[in-house]
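Working from the sequences, and respecting the hints, build out all of it.
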Amino acid sequence: MGPVNQLIRRLPVWALYLLGAVPAPWFFYLGLTGGLGVEPIKALEHEYGKLALQLLILTLAISPLRRLLGLNLMKFRRAIGLLCFFYVLCHLLVWLVLDVQNPGQILTDIAKRPYITIGMAGFVLMLPLALTSNNLSVRCLGRAWPRLHRLTYAAGLLGAVHFAMLVKGFQIEPLLYLGVVLALLAVRLPAALLRWQTTASDTSGRV
Amino acid sequence: MAHRWTNDLTLADATPEAAFWNRRRIIAGLAGTGLAAALGAGARAEEALAPNTWDEVTSYCNYYEFGTGKGDPSKYADRMTVRPWSVKIDGLVDNPGAYSLEQILGEMTLEERLYRFRCVEAWSMVVPWQGFELADLLNMAGVQEGAKYVAFETLYRPSEMPGTAYKVLDWPYREGLRLDEAMHPLTMMATGIFGKPLPNQNGAPLRLVVPWKYGFKSIKSVVRITLTDQEPPASWNMANPREYGFYSNVNPHVSHPRWSQAIERRIGGGLFAKRQPTLMFNGYEAEVAPMYEGMDLAKFF
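Chains as they are written, first to last, in the working numbering: chain E, 8 to 214; chain D, 826 to 1126.
The hints are simulated quantities; they were obtained by calculation from the structure and are not laboratory data. This structure is a prediction, so every number in the text was calculated from the model and none was measured. Don't be surprised by glycine CBs; every beta carbon is placed ideally from N, CA and C. Hints may be right or wrong, so weigh each one.
Said to hold, decoys possible - Looking from chain D toward chain E, a few residues come up when the C-beta cut is under 8 angstroms (computed):
#1 Ser884
#2 Thr893
#3 Trp948
#4 Tyr991
#5 Val993
#6 Ser1085
#7 Ile1092
#8 Ala1098
#9 Lys1099
#10 Arg1100
Okay, structure coming up:
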């Protein structure tokens, strides 16, 4: 992994932001010009949503990749996380503005349709993450920052469940996404248990 | 034979596609002149039922035997062999047997009908079908006294249908109608669109069209029709009875757990297409509502 990590070290983060943002206007352009088929609204919504989920999986994969394969992408984690939020936002905007169109309908849909409720919950969980993805917040929040950013796990799970729930019939693709998310969460389980035990014994020690 | 139902918007379906589009352009050109106002409501009604284009109808399809993506059917359906084709008609009929497509077409009078087509996913199209009334086919087979329902089956041929490698649904795809629905003059078996043979992705060579029900009821590539006295199993109803009822009549007042059915979007409007209200029974209320009199349509959805 040494040479690969060296190559990664040389790649500037701004390049990733630039590269990662390109699909957003590109898909919008395709939608405008017929490149997304005869129903571009749904297609655009799905493209943005799927990109968001892929980026979420990538952020969840960064620390296992380092631990298990020695591949160090840590430098890009914030960029990937923020790009993920950007695509969730694009996905949400297409749904609000182009798809549903009617503000009254939007609230009804959020309340009434479980897959939308779950998707929206995922978005809400990502808000504090996006807002605190800057150096100042990391400094100010101190030990609370990593704890807050464990919300990523919940957001990933909600995003994958949202996808699995919206398809008709028994479809493989969303289940593959859900499987990958669950696997990435599972590898964290031992560490989480350890953390939980330590906290528990800390508390009991104090009493 | 046939012609028992008359379209109230006949201009469009009597006009060849190219000429029809020309006509629309002429009407659009008159806008702003007194003539446009004189054409008035008639022109507007026609506008509302302008057919979708060939590309729209043939490229945006649900036919899960070829994949769950909307573009999969048009990509893979040409693998399906549609010639020779025969339909097995059995159950409570006087003349059961396997009928070849030629045999059936020899007995039927083909006609053209412009119908609204509404998917349960809240999108819609307007399609100029060619075909014949299902009632004529059922009469040919001779419906027996005790028959109450009609069951249909789609071709299941894994070697030509890549989507069936996954158990998205319990193959073969099945659908059913009550006998009065099947005998209704609006219910047709389609063999073509836009005056051309049905493309495979649209359910070649012979498919059901029930315009007041959600699209999945209009089963494609029919290989078997069974008359029965029991409500037959229907694929989507078997997969998720909470979401897909046996009747599946288009009903803006009965919400689907995942899609509001009050509004729909016409395919082909582009990225900024507006939604429009869904009509009760997809606009065929006057014709079909009497069949459901006294039924609680929220319960029998």
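Results of checking the hints against the structure:
With a cut of 8 angstroms, the hint placing Ser884 of chain D at the interface with chain E holds, because the nearest CB-to-CB distance is about 6 angstroms. Among the interface hints, the one on Thr893 of chain D holds; its C-beta lies about 5 angstroms from the nearest C-beta in chain E, closer than the 8 angstroms criterion. Interface hint status for Trp948 of chain D: upheld, as the beta-carbon distance to the closest one in chain E is roughly 6 angstroms, under 8 angstroms. Because the closest C-beta pair between Tyr991 of chain D and chain E is about 6 angstroms apart, less than 8 angstroms, the hint holds.
The criterion of a C-beta within 8 angstroms of any C-beta in chain E is met by Val993 of chain D, whose closest approach is roughly 4 angstroms, and the hint holds. The criterion of a C-beta within 8 angstroms of any C-beta in chain E is met by Ser1085 of chain D, whose closest approach is roughly 6 angstroms, and the hint holds. The restraint placing Ile1092 of chain D at the interface with chain E holds, with a minimum CB-CB distance near 5 angstroms, inside the 8 angstroms limit. Because the beta carbon of Ala1098 of chain D sits about 7 angstroms from the nearest beta carbon in chain E, less than 8 angstroms, this interface hint is met.
For Lys1099 of chain D, the shortest C-beta to C-beta distance to chain E is roughly 7 angstroms, which falls under 8 angstroms, so the interface hint holds. Contact between Arg1100 of chain D and chain E, as hinted, is supported at the beta carbon level, the nearest pair being about 6 angstroms apart and thus within 8 angstroms.
Consistency note: the structure conflicts with none of the earlier hints.
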